[in-house]
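Asker: Chain by chain, the residues run as shown.
Protein chains: 2
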Amino acid sequence: MMLTMYDLAGANDDHRFSPYCWRIRMACAHKGLPLETVAWRFTEKDKLPQPNAGTVPVLVDGDTVVADSWKIACYLEERYLAKPIFGNEAARGEALLIKYWTERTLHPLITRMTVRDAWSGLHEKDQGYFRESREKRFGRPLEQVVADREPTREAFRAAVEPLRAMLADQPFVCGQSAAYGDYILFGMFQWARCVSGFELLEPTDPVHAWRQRLLDMYDGLGAKAIRHDA
Amino acid sequence: MMLTMYDLAGANDDHRFSPYCWRIRMACAHKGLPLETVAWRFTEKDKLPQPNAGTVPVLVDGDTVVADSWKIACYLEERYLAKPIFGNEAARGEALLIKYWTERTLHPLITRMTVRDAWSGLHEKDQGYFRESREKRFGRPLEQVVADREPTREAFRAAVEPLRAMLADQPFVCGQSAAYGDYILFGMFQWARCVSGFELLEPTDPVHAWRQRLLDMYDGLGAKAIRHDA
Numbered sequence: 001m002m003l004t005m006y007d008l009a010g011a012n013d014d015h016r017f018s019p020y021c022w023r024i025r026m027a028c029a030h031k032g033l034p035l036e037t038v039a040w041r042f043t044e045k046d047k048l049p050q051p052n053a054g055t056v057p058v059l060v061d062g063d064t065v066v067a068d069s070w071k072i073a074c075y076l077e078e079r080y081l082a083k084p085i086f087g088n089e090a091a092r093g094e095a096l097l098i099k100y101w102t103e104r105t106l107h108p109l110i111t112r113m114t115v116r117d118a119w120s121g122l123h124e125k126d127q128g129y130f131r132e133s134r135e136k137r138f139g140r141p142l143e144q145v146v147a148d149r150e151p152t153r154e155a156f157r158a159a160v161e162p163l164r165a166m167l168a169d170q171p172f173v174c175g176q177s178a179a180y181g182d183y184i185l186f187g188m189f190q191w192a193r194c195v196s197g198f199e200l201l202e203p204t205d206p207v208h209a210w211r212q213r214l215l216d217m218y219d220g221l222g223a224k225a226i227r228h229d230a
Numbered sequence: 001m002m003l004t005m006y007d008l009a010g011a012n013d014d015h016r017f018s019p020y021c022w023r024i025r026m027a028c029a030h031k032g033l034p035l036e037t038v039a040w041r042f043t044e045k046d047k048l049p050q051p052n053a054g055t056v057p058v059l060v061d062g063d064t065v066v067a068d069s070w071k072i073a074c075y076l077e078e079r080y081l082a083k084p085i086f087g088n089e090a091a092r093g094e095a096l097l098i099k100y101w102t103e104r105t106l107h108p109l110i111t112r113m114t115v116r117d118a119w120s121g122l123h124e125k126d127q128g129y130f131r132e133s134r135e136k137r138f139g140r141p142l143e144q145v146v147a148d149r150e151p152t153r154e155a156f157r158a159a160v161e162p163l164r165a166m167l168a169d170q171p172f173v174c175g176q177s178a179a180y181g182d183y184i185l186f187g188m189f190q191w192a193r194c195v196s197g198f199e200l201l202e203p204t205d206p207v208h209a210w211r212q213r214l215l216d217m218y219d220g221l222g223a224k225a226i227r228h229d230a
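Line by line, the protein sequences give chains D and P.
Heads up: the first sequence at position 91 corresponds to 91 in our numbering, and the numbers run straight through without jumps.
Heads up: the second sequence at position 224 corresponds to 224 in our numbering, and the numbers run straight through without jumps.
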């Protein structure tokens, strides 16, 4: 049975950049599960299979529909036992803390650097919705949000220090090989990389080398992704 | 065979507050391993068993000496298989990221709130060393470091948002029950609680309730700890 994932796309159908969808793409590759994707836009709420919360990823597996990346990861782990992405309850639990560290501490810094570039790569039917909702959140035009990205980049590089320090001791978040804890953080870096040419990391940063290892996995699944360089 | 841990003590032999030693105390309780401790002070470098790096914890298990809390945790997990504190490689790996998040992002905030109180609870033979080394690090007197703790407390409460968010989905860092990922973070809270009466958390904070669950575990091992209220 082929799995199907509704996946956020830009103006180009093949421009795929959602950090949440990248987690699932990597998780399916990890488990060796073939995955087809459906290009979806923010404003196509009515095109998602039920049930959903108006966001992607939404996974369709035969008669089963699962929405939300975390629920999908847990579903895949329970339904397809081979090649675990967690392997036990403690690893699943700790990955949830890493998810919230990524989303609550790191994602906002990425957004402040890339939101204008991200807007420029969207399908025109999404651009109005995206600009309006994000400008409401920030209280100013997107162009002003990203006007001076240097201090934010410094803050971001400081915020990923825990990952950098860890990489002195082991090659992946999940130890000697990559698993879901890595894919959560990789999804964030891949989102930034796909929507913007603004480079987050120094080439000498151990985090840069870790990201490259992730980009190269599964026949370069991440490395092949289309980038929109605004 | 009884395990022995060299453990940082204050003026009172029974005042034990090292965040790193608390991790090991909880890990031994988790595994049901009896642990005796030896009160040790910062300035007693020559009293530690070899090999060591001049810090505690140092664990002695028969002819085996292991220094460094992370190495001790990994040693305990390999040597005593029952009741795992990790259980698999991914959980061990992710715990290492949580360790560095705790040490690099959160510990510095704790220090900025509690360092003066911590000094006041030390044995007088340690107070000179402690004050001098910390004042050199901060570039000002300890009294000035902690002069206005409110902004730091706000920053700390914001920094633990990933833990708070996670607690809406599961009761412990390691999922449905506590394990080493919890003990790492608990060690930090216990350190702050043992050296200072300055309350880090609102009583209504889900993190407060999680900390209480950890304090109550293993017959209230953490709850019974002596606090020095400066």
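No lab work stands behind these hints, which were simulated from the structure alone.
A quick note: this is a predicted structure, and the numbers were derived from the prediction, not measured.
Backbone N, C-alpha and C fix where the C-beta goes; we use that ideal spot for every residue, glycine too.
Treat each hint with caution, since some may be false.
As the list claims (entries may be wrong) - Here are the simulated distance ranges between beta carbons:
{"hint": "1", "chain 1": "P", "residue 1": "Glu150", "chain 2": "D", "residue 2": "Phe138", "range": "25 to 31 Å"}
{"hint": "2", "chain 1": "D", "residue 1": "Ile226", "chain 2": "P", "residue 2": "Pro34", "range": "22 to 28 Å"}
{"hint": "3", "chain 1": "D", "residue 1": "Ser133", "chain 2": "P", "residue 2": "Ser120", "range": "49 to 55 Å"}
{"hint": "4", "chain 1": "D", "residue 1": "Lys125", "chain 2": "P", "residue 2": "His208", "range": "43 to 49 Å"}
{"hint": "5", "chain 1": "D", "residue 1": "Arg131", "chain 2": "P", "residue 2": "Arg131", "range": "32 to 38 Å"}
{"hint": "6", "chain 1": "P", "residue 1": "Pro108", "chain 2": "D", "residue 2": "Asp148", "range": "44 to 50 Å"}
Asker: Each hint should be assessed against the structure and marked as holding or not.
Answerer: Checked hints:
Checked against the hint of 25 to 31 Å, the C-beta distance between glutamate 150/P and phenylalanine 138/D comes to roughly 27 Å, which is consistent with it. Taking the beta carbon of each, isoleucine 226/D and proline 34/P are about 59 Å apart, not inside 22 to 28 Å as hinted. A hinted range of 49 to 55 Å holds for the C-beta pair serine 133/D and serine 120/P, which are about 51 Å apart. A hinted range of 43 to 49 Å holds for the C-beta pair lysine 125/D and histidine 208/P, which are about 46 Å apart.
A beta carbon spacing of about 54 Å between arginine 131/D and arginine 131/P contradicts the range 32 to 38 Å that was offered as a hint. A beta carbon spacing of about 26 Å between proline 108/P and aspartate 148/D contradicts the range 44 to 50 Å that was offered as a hint.
In summary, the numbered hints that this structure violates are 2, 5 and 6.
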